[in-house]
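Asks: Sequence:
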Amino acid sequence: MKKRPTLRALLLTSYLLVIALATLGSTLVVGPALWRYFVREREIEMLTQGSILAQAVRREIYQGAWELPALLRLANLQLSSRVLILDATGLVLGAIEGRSDGTMVEIDRAALKSALAGRSVATIRQSGREPTLDVLVPVTYPGVADIAQGEVLGVVLISRSLLDLHERQRSIVARLIKGNIFIALLVVPMAIFYAGRISSPLTKLTAKAERMTAGALGMMVEPAGDREVFALGEAFNSLSQRLVLHEEARRKFVADASHELRTPLASLKALLAPLVREEPAPPKVVREFLSDMDKELDRLSQLVEDLLKLARLDNKQDLEQKPTELSELVSKIVKALAFLAEERGVRVEVEALPAAVIWADENRLHGALLNIVDNAIKYAQSVVRVSMVTGEQVEIRVEDDGPGIPEAARNRLFERFYRLDQARARHNGGSGLGLAIAWEIISRHRGSIQVISEEGKGTLVVVELPLKQIVF
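Taking my numbering, the leading residue of the sequence shown gets 9, the next gets one more, and so forth.
It is possible that part of the hints are untrue.
Claimed, not checked - Here are the simulated BS3-like cross-link-like pairs (lysine-lysine), alpha carbons at most 30 Å apart as the crow flies:
| no. | residue 1 | residue 2 |
| --- | --- | --- |
| 1 | Lys292 | Lys317 |
| 2 | Lys11 | Lys216 |
| 3 | Lys303 | Lys292 |
In case anyone wonders, no lab produced these hints; they're calculated from the structure.
Let the hints inform the model, and build the full structure from the sequences given.
Replies: Here's what the structure looks like:
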């Protein structure tokens with residue numbers, strides 16, 4: 009099986025990835041932003057210097073008598089900049105760190121055209137391996153406030169290398185990267201700690217779950233970690249306890265089922281023993297033995313059928329639900345048990361049953377209610393009353409005048425193989441599964457069963473089905 013990464017490794021990887029993305033983002037976003045800011049700052053500075061110089065030289069250019077070095081010192085320009093004074097045709101009239109021999113200078117013609125039209129222009133060009141910022145400021149006639157075509161005397165061009173800005177940008181980005189690395193060195197130990205804090209309870213829980221898978225039930229963990237992980241630990245403990253209870257119930261069920269199956273088989277073997285002797289038994293005795301064997305086989309068949317019903321219910325097989333007339337279903341059950349009631353001398357009284365159509369699996373609901381009414385007839389002394397009440401829910405009430413049920417036994421009535429009167433139940437042919445099956449079926453219909461009883465005063469069983477299942 010492919011080895012999967014641990015949660016701790018995934019968390020650490022995600023933390024480091026966030027740091028790496030932050031570092032990369034600072035390089036890709038902050039770097040260009042710094043460059044634009046520095047260039048704009050340099051551009052404003054050079055445009056200001058160009059404007060000062062243009063104001064200083066326009067009278068001298070107009071009169072034809074001026075000294076460039078003195079004017080440059082007046083403008084307070086950095087000597088690292090290249091300064092050119094151009095006339096209206098683009099010829100160099102004067103320069104610092106440039107030519108002043110009256111020849112044309114190779115500059116951006118579009119920028120020069122814009123400057124000669126009266127607009128200040130800033131452009132960046134590549135001079136060899138270094139970027140250079142050129143600023144062109146028009147020089148107007150002295151005393152002219154508005155610049156119009158034909159009123160420009162020349163252009164002041166200032167050029168300056170941007171390598172120092174590159175160095176500033178790289179220095180700041182480098183410090184930013186170092187800062188991110190320093191933060192990463194601080195964050196990684198914290199990330200390792202928190203990743204371990206999150207993953208450690210899950211690792212322990214996984215180990216306990218693997219042991220449970222191997223058969224060691226009852227594993228418990230100490231809930232720890234954040235709220236979600238803590239809740240998961242509590243849920244695991246609850247599940248573990250439920251599995252233990254289910255396993256105990258399963259073992260008890262298997263033991264009880266084995267015992268219940270062994271009893272009729274032992275009886276059959278005991279009944280067969282006299283018949284297989286060499287000396288033949290009288291016909292009357294044979295008939296009695298065969299009659300008893302038939303009863304034991306019926307009991308065995310009923311037990312197997314009940315076990316199969318429980319198995320199907322435990323497997324959560326889908327209910328075959330359809331609209332079911334509950335009053336008709338109850339009437340059918342009473343008619344089906346009329347012979348049994350007559351045989352036992354019990355009178356079954358059915359009160360007027362109101363019409364109520366519910367959404368139910370008719371066959372299974374029939375079996376559940378049949379078990380309840382049958383149980384009442386078996387234990388009643390003289391009468392069983394069956395009635396229905398419709399209100400917030402549908403109630404089927406089955407009441408008998410039997411001996412009642414002790415309080416200690418009421419909570420166990422619906423346990424599998426539980427018999428209130430062991431001897432009487434076996435004599436009646438009961439498997440101890442009827443009420444358990446009824447409970448499962450009613451629960452699957454989202455209903456409930458309530459037992460109201462007192463010793464010596466009979467028993468009332470109330471089956472309730474939610475009103476939302478009723479279709480009028």
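Asks: Compare the structure with each hint and give your call.
Replies: Here's how the hints hold up against the structure:
| no. | hint | in the structure |
| --- | --- | --- |
| 1 | Lys292 with Lys317 | violated, 38 Å |
| 2 | Lys11 with Lys216 | holds, 20 Å |
| 3 | Lys303 with Lys292 | holds, 17 Å |
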